[in-house]
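*Asks:* Protein chains in written order, with our numbering: chain A, 1 to 162; chain B, 1 to 787; chain C, 1 to 265.
It is possible that part of the hints are untrue.
Each pair of labels, with its calculated beta carbon distance range [unchecked claim]:
no.	chain 1	residue 1	chain 2	residue 2	range
1	C	Ser246	B	Asn436	33 to 39 Å
2	A	Ala82	B	Asn24	49 to 55 Å
3	C	Ala154	B	Ala147	43 to 49 Å
4	C	Ala83	B	Asn24	27 to 33 Å
5	A	Asp120	B	Asp582	55 to 61 Å
6	B	Gln700	C	Gly97	23 to 29 Å
7	B	Asp396	A	Asp120	53 to 59 Å
8	A	Ala79	C	Gln156	27 to 33 Å
9	B	Gln700	A	Glu162	23 to 29 Å
10	B	Asp310	C	Gly97	58 to 64 Å
11	B	Glu763	A	Ala82	55 to 61 Å
12	C	Ala154	B	Asp698	33 to 39 Å
13	B	Asn16	C	Lys138	27 to 33 Å
Simulated from the structure, these hints should not be mistaken for laboratory data.
Idealized CB from N, CA, C, for every residue including glycine.
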Amino acid sequence: MANVNLTINGKAVSAETDDRTLLVEFIREHQGLTGTHVGCDTSQCGACLVLMDGKAIKSCSTLAAQASGSSIITIEGIATGAELHPVQRAFKENHGLQCGFCTPGMVIAAIDMIERLGPDLDEPTIRKELEGNICRCTGYHNIVKAIKAASMQMATQLEAAE
Amino acid sequence: MKAEGIGARVLRKEDNRFISGKGNYTDDVVLPRMGHAAFVRSPHAHAKVLGVNAEAALAMPGVDAVLTGHQLVADGIGNIICGWLVHSKDGSPMNMGAWRALEPEHVRFVGQAIAVVIADTPQQAKDAAAVVDVTYEELPAVVDSLAALATEAPQLHEEAPRNTSFDWELGEEQQVADAFANAAHITKLDLTNNRLVPNPMEPRAALADYNSAEEHYTLYTTSQNPHVARLVLSAFYNVAPEHKLRVIAPDVGGGFGSKIYIYPEEIVCLWASKKVGRPVKWNCDRTEAFLTDAHGRDHHSHAELAMDADNRITALRVETTANLGAYMSLFSSAVPTYLYATLLSGQYDIPAIYANVKAVYTNTTPVDAYRGAGRPEATYLVETIVDKAARELGLDPADFRSHNFIRSFPHQTPVIMNYDAGDYDATLSAAKQAANYADFATRKAEAAARGKLRGIGLSCYIEACGIAPSQAVGSLGAGVGLWESAEVRVNPVGTIEVLTGSHSHGQGHETTFAQLVAERFGLPTDNVTIVHGDTDKVQFGMGTYGSRSGAVGMSALAKALDKVEVKAKRIAAHLLEADEADITIEDGELKIVGTDKKLSFTDVSLAAYMAHNLPEGMEPGLKEGAFYDPQNFTFPAGTHVCEVEIDPATGKVEIVQFVAADDFGQIINPMIVEGQVHGGLVQGIGQALLENAAYDADGQLLSASYMDYTMPRADNVPSFKLETNSTLCPSNPLGMKGCGEAGAIGAPPAVMNAISDALGGVEVSMPATPEKVWRLAQAALPKQAAE
Amino acid sequence: MYETSYNRVSSVTEAATALDAADDPKILAGGQTLIPTMKQRLAAPSELVDIRQVDELHGISMQADGAIRIGATTTHAEVAANADVRAQLPGLASLAGHIGDPHVRYMGTIGGSLANNDPAADYPAAALALGATITTNKGSYSAEEFFTGMFETALQENEIVTAVTFPVAQRTAYAKFPNPASRYAMAGVFVAQTPSGPRVAVTGAGQEGVFRMPAMEAALAENWAADSLGSIQPDAQDMLADIHGSAEYRANLVNVMAKRAVAAA
């Protein structure tokens with residue numbers, strides 16, 4: 001058995017798990033945080049994305065034990081209290097989701113790409129950056145639009161802060 | 001337009017939970033003492049099962065039980081049904097081979113379930129399933145439908161000689177033959193509609209809970225139509241009578257047809273839950289989904305089109321072989337017949353059409369309805385042969401189409417359908433304008449200067465949605481009615497619950513159905529909750545497929561709202577001492593026309609429940625239900641224009657522009673409709689460029705994961721230009737037609753015609769993979785250079 | 001996934017001890033190939049020795065001679081973003097920035113990729129084209145010695161890759177035609193103008209894994225230009241074939257990608 005100690009959405013968690021437990025299983029089954037999804041078994045769909053120490057990783061291709069010592073943020077921990085993250089808001093405002101299953105991964109991927117590449121992203125960049133996220137409902141059109149809107153909004157916020 | 005009424009771009013009510021990780025999908029549901037199921041599946045495409053030895057598996061940690069097909073059959077669980085009876089042209093009924101939820105003797109496709117292991121954890125169940133020892137006698141397999149028709153082909157079912165379920169026809173063969181005899185020009189075409197795997201992002205799942213004290217079952221499952229699931233589980237699979245079975249389809253992560261059917265796994269979980277005395281959950285992994293979710297399409301066709309000297313189409317003749325897979329799934333017989341051949345007239349005035357369809361068993365995953373279901377196959381055929389004919393006749397493909405358009409409605413086609421309304425010129429010209437069709441030559445020349453081959457392609461599609469009326473489809477062999485129900489419950493405080501038999505798995509019903517209420521009563525959509533997906537809450541319904549929820553489901557809601565409106569007005573008239581005819585409802589208030597006398601909606605609903613002062617003889621309460629059975633199909637139509645650039649060195653196709661101009665009738669929420677179109681287009685583009693379920697000769701699925709099945713990703717597709725040009729549907733109260741499948745129906749031929757155009761008019765098969773296109777480009781280049 | 005046991009180590013010595021003590025161990029670096037493989041039950045190590053957090057295996061440093069040394073557990077994202085790599089070996093930075101997807105690049109490591117030697121992986125092309133040296137806890141290998149065939153390397157049992165050193169090159173570029181489904185390379189060509197002349201290495205296409213293209217190297221030595229490559233391509237008989245592309249098509253892609261890489265370098 002592996003001893004897993006980490007924080008999830010700011011809360012310290014300590015648990016004994018089977019060594020082969022995947023991080024996504026730990027999050028969903030042990031912690032009951034079911035917003036993180038599993039959409040494939042070859043680490044390509046991105047429904048399982050979480051932020052590990054600030055970076056978007058695939059929790060279906062990472063053992064819980066590997067993540068021990070890290071800080072994990074799941075879709076449930078993205079908003080600040082009742083205040084939605086700008087990316088969450090942009091997905092709603094731009095109809096960037098339909099069935100909602102890929103959405104948590106898309107939101108995490110968007111946050112990661114905006115934080116890494118800076119705000120105000122162009123369409124080719126967004127499309128390329130979504131290589132690891134599959135959506136079957138939206139045709140990506142409105143996801144791209146949502147991420148672009150969020151990135152512009154975050155650029156405006158940064159300008160305002162300066 | 002009212003702020004949240006018909007036509008408003010209201011943001012979706014359901015989004016808040018999905019963007020916050022608060023959705024509730026089947027695999028998120030956890031019950032106390034829940035066990036987990038893992039299936040033992042055939043690794044062979046065709047084999048006799050000689051024995052199942054579960055000894056080692058039963059000794060594994062956490063294992064409760066290993067259940068097999070013999071036990072299932074002994075317990076009286078019924079065979080899986082096909083819900084639409086099709087007759088061959090000789091009058092004989094289709095030939096169905098028995099499909100058992102767990103197969104005891106004879107497996108016919110890779111992935112077919114043989115046994116199930118129930119254990120404490122999913123891992124333990126999978127560990128044990130891996131050591132269940134099944135002895136097989138392998139048999140030769142056949143995967144291609146044309147090969148399966150050959151006399152020497154391996155035979156799948158005793159009941160189906162020459163692997164043929166039915167040999168069906170539609171239309172007047174002699175009339176067509178006469179037209180061909182008099183034709184000035186005949187265009188011939190062979191084409192294949194490639195097999196697809198639906199791939200909703202949420203894999204299927206089931207959680208069954210048997211309560212022995214009540215002899216009652218609850219099934220949580222990923223269903224597009226929980227009531228149909230309950231009916232079939234009860235009436236045919238003998239799991240439990242309907243009143244002892246509750247089916248809940250909570251949030252469902254996409255369906256596209258693949259979640260219509262009642263699969264072996266759901267049946268087995270219900271049965272196993274009683275056997276082992278605990279709730280049983282099964283969650284499909286993606287590889288299992290590839291092997292067991294009903295696939296789509298897979299047709300081989302030969303078509304011939306006859307034209308007169310004036311370039312008018314006079315007849316169409318089609319021979320199609322449809323691959324059923326190893327068994328007949330729920331609507332598998334309807335898809336290549338009544339949902340396919342009935343659309344072969346397209347948008348064209350074709351006096352004579354004859355279609356012959358052979359449905360054939362092969363050692364592959366069963367095939368059934370997938371987004372569009374039959375209509376994409378018809379559209380691909382019609383729009384490919386029309387394009388080819390235009391090329392052969394030296395005509396502009398848009399002009400040739402327009403020359404043959406239907407312009408007078410209603411229009412009776414030779415293949416059952418009676419088109420009620422449309423304006424095909426309007427969508428064609430809107431699409432041409434948005435695509436700057438006239439100036440294409442300039443763009444082609446500019447691309448050529450960059451070393452790219454540029455092409456433009458059209459598709460003028462028609463589809464039929466809201467399959468109905470029930471009596472008509474019943475006469476054609478449907479095993480169910482195809483109406484919908486709705487119930488409107490006004491609460492004493494004036495908030496409203498709408499119960500609908502439609503089911504949303506991404507379509508946004510919680511918003512659009514609420515908009516209909518907002519339109520009617522002027523209430524904010526926040527005051528309306530849409531309830532669906534639970535057979536204990538909604539009395540009955542047919543679910544969501546075939547783009548029917550708007551045209552059929554919302555029509556039922558409109559009828560129920562009519563009844564609520566009448567009663568509310570009666571109460572208001574009584575309280576205001578006015579004539580009923582003088583009461584109007586606006587902005588959440590019931591007013592006497594031309595006065596300032598009014599009551600709020602809450603006043604009226606409260607009065608209905610207080611019942612202190614109601615009109616003489618009126619029952620208390622404000623709750624009404626309605627069933628709506630459509631009078632006709634609806635006929636969405638439109639034109640798609642695709643423009644591609646091909647890199648001749650690699651064969652890679654890039655879609656540089658895509659325009660869709662659609663006629664969906666009345667649109668409730670343009671934002672949601674656009675989203676439906678975007679998604680459909682990408683599934684259509686996926687079929688044209690990327691997706692293919694490829695089997696090897698032994699029946700192994702080679703593309704059984706995202707490593708080999710090319711799912712469209714964000715960088716494969718462009719942003720889209722959409723236009724809508726509506727004619728109202730005359731047969732339903734809202735004038736709605738349906739929009740869910742249009743993209744998947746219209747896009748493939750537009751893409752393929754564009755590629756063909758870029759390559760100088762050669763025929764290209766789907767999917768147009770880089771290698772295929774590269775080979776054609778190599779052949780086309782010297783020719784184009786010489787021109 | 002079969003049962004396994006997990007062991008996180010903090011030094012190379014500790015890793016070596018753990019590996020020697022175990023029955024059928026595997027080194028776990030980023031796990032982006034190993035864990036999906038284990039999930040499919042195609043690998044069943046008794047023990048995973050996790051070296052991801054071994055400090056001495058991590059990081060990028062410029063050597064006195066201008067070579068760039070990359071620790072084995074350095075992630076693809078780190079290589080892609082590193083200023084020295086981008087300045088000195090832009091082809092390598094670009095290659096690293098196109099492996100898998102952004103999320104795989106945060107976890108996947110250069111050492112793991114090289115040790116696995118997937119015939120469709122990208123790094124082997126860079127290592128071979130640049131004449132990299134692969135250092136282990138037991139010695140070192142030239143890239144030529146290291147890659148011995150599909151999924152095969154010169155590594156001995158339990159030998160741990162510790163770093164990869166890429167010597168200087170005047171010009172580098174990588175061009176890849178990805179498999180449309182998996183996005184692995186169907187043909188990935190790394191070209192380098194090195195002090196000893198042009199070198200061209202190909203991944204994704206060959207039946208035996210990564211290989212060099214001497215004919216292209218000779219042509220580029222004459223004249224470093226895309227056009228010099230003419231119709232030079234590998235023998236289709238040696239190429240992979242699958243549902244995504246025939247051997248002949250892959251041979252063509254090698255030519256096309258090589259030209260694009262040269263044009264970009």
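*Asks:* Each hint should be assessed against the structure and marked as holding or not.
*Replies:* We went through each hint and held it up to the structure:
1. C:Ser246 with B:Asn436: 33 to 39 Å: holds (38 Å)
2. A:Ala82 with B:Asn24: 49 to 55 Å: Given a distance of about 20 Å, which is not inside 49 to 55 Å, the answer is violated.
3. C:Ala154 with B:Ala147: 43 to 49 Å: Holds, at about 47 Å.
4. C:Ala83 with B:Asn24: 27 to 33 Å: violated (47 Å)
5. A:Asp120 with B:Asp582: 55 to 61 Å: holds (58 Å)
6. B:Gln700 with C:Gly97: 23 to 29 Å: violated (35 Å)
7. B:Asp396 with A:Asp120: 53 to 59 Å: Because 43 Å falls outside the window, the suggested range is violated.
8. A:Ala79 with C:Gln156: 27 to 33 Å: violated (51 Å)
9. B:Gln700 with A:Glu162: 23 to 29 Å: Once the Cβ atoms are compared, 59 Å apart, the range 23 to 29 Å for Glu162 of chain A and Gln700 of chain B is violated.
10. B:Asp310 with C:Gly97: 58 to 64 Å: Holds - the Cβ-Cβ distance for Asp310 of chain B and Gly97 of chain C, about 60 Å, lies within 58 to 64 Å.
11. B:Glu763 with A:Ala82: 55 to 61 Å: holds (58 Å)
12. C:Ala154 with B:Asp698: 33 to 39 Å: With Cβ atoms ~36 Å apart, the hint holds.
13. B:Asn16 with C:Lys138: 27 to 33 Å: violated (57 Å)
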